[in-house]
Amino acid sequence: MKKKKRKTVLVDRYERYEDIGEMFSTSCRNMELSVPSNLRMICAILDVNVETILYDYKWIVCCTFTGEATRKQRRAAQAFFIARGYGQKSYSKKQIKQMFGELENELKIFKTTDKMSDEELGLFWKNNHMYGEYWFKRWFNVNTRKDDIGVLQKY
86 MKKKKRKTVL
96 VDRYERYEDI
106 GEMFSTSCRN
116 MELSVPSNLR
126 MICAILDVNV
136 ETILYDYKWI
146 VCCTFTGEAT
156 RKQRRAAQAF
166 FIARGYGQKS
176 YSKKQIKQMF
186 GELENELKIF
196 KTTDKMSDEE
206 LGLFWKNNHM
216 YGEYWFKRWF
226 NVNTRKDDIG
236 VLQKY
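Residue numbers for the sequence shown follow our numbering, beginning at 86 and rising by one.
Calculated from the structure, these hints are not laboratory results.
Label pairs and their calculated CB-CB ranges:
no.: 1; residue 1: Phe221; residue 2: Met126; range: 37 to 43 Å
no.: 2; residue 1: Ala164; residue 2: Leu208; range: 34 to 40 Å
no.: 3; residue 1: Val133; residue 2: Ser175; range: 30 to 36 Å
no.: 4; residue 1: Lys179; residue 2: Glu205; range: 34 to 40 Å
no.: 5; residue 1: Val133; residue 2: Leu206; range: 31 to 37 Å
no.: 6; residue 1: Asn212; residue 2: Val236; range: 22 to 28 Å
no.: 7; residue 1: Glu218; residue 2: Asp132; range: 39 to 45 Å
no.: 8; residue 1: Val227; residue 2: Thr149; range: 19 to 25 Å
no.: 9; residue 1: Asp199; residue 2: Ile167; range: 30 to 36 Å
no.: 10; residue 1: Arg223; residue 2: Gly170; range: 20 to 26 Å
no.: 11; residue 1: Ile127; residue 2: Asp232; range: 34 to 40 Å
no.: 12; residue 1: Asp203; residue 2: Lys179; range: 39 to 45 Å
no.: 13; residue 1: Phe209; residue 2: Lys178; range: 28 to 34 Å
no.: 14; residue 1: Met201; residue 2: Thr137; range: 29 to 35 Å
Everything numeric in this text was worked out from a predicted model, so none of it was measured. Built from N, CA and C at the ideal position, the CB exists for glycine as well.
Sequences are here, hints too, so could you generate the full structure?
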């Protein structure tokens, strides 16, 4: 009786992180905004579009890979966010600063990927997507929120 040859099958346990899950990806929103007259006037005087201001702020405050911002600009955007009291009914200022710090550290790591091979970049992005999900769930559940994690779809 002949022994059957065993076939080795490589399974990528982390294949699902190849692309970021839709729930955790950037989402597009169409919004109608009321632009105060003073903002319109100052923008006209300074020759800057309201859209540019909003675009810059949203990418700078979250320390994303898109756009270039200095550390000073990121800190100012985050200070504004905290000064407005956003999120402080559930998290302390210290926790919110820690969240921003963790996002900033992720950006620092991203900036080291320019010389990676395609294979290394693939692994980097899988890890990045995996960590993004972990990071969100960890912070979301820190204060034992009663909401389901699916609430992310609303935001």
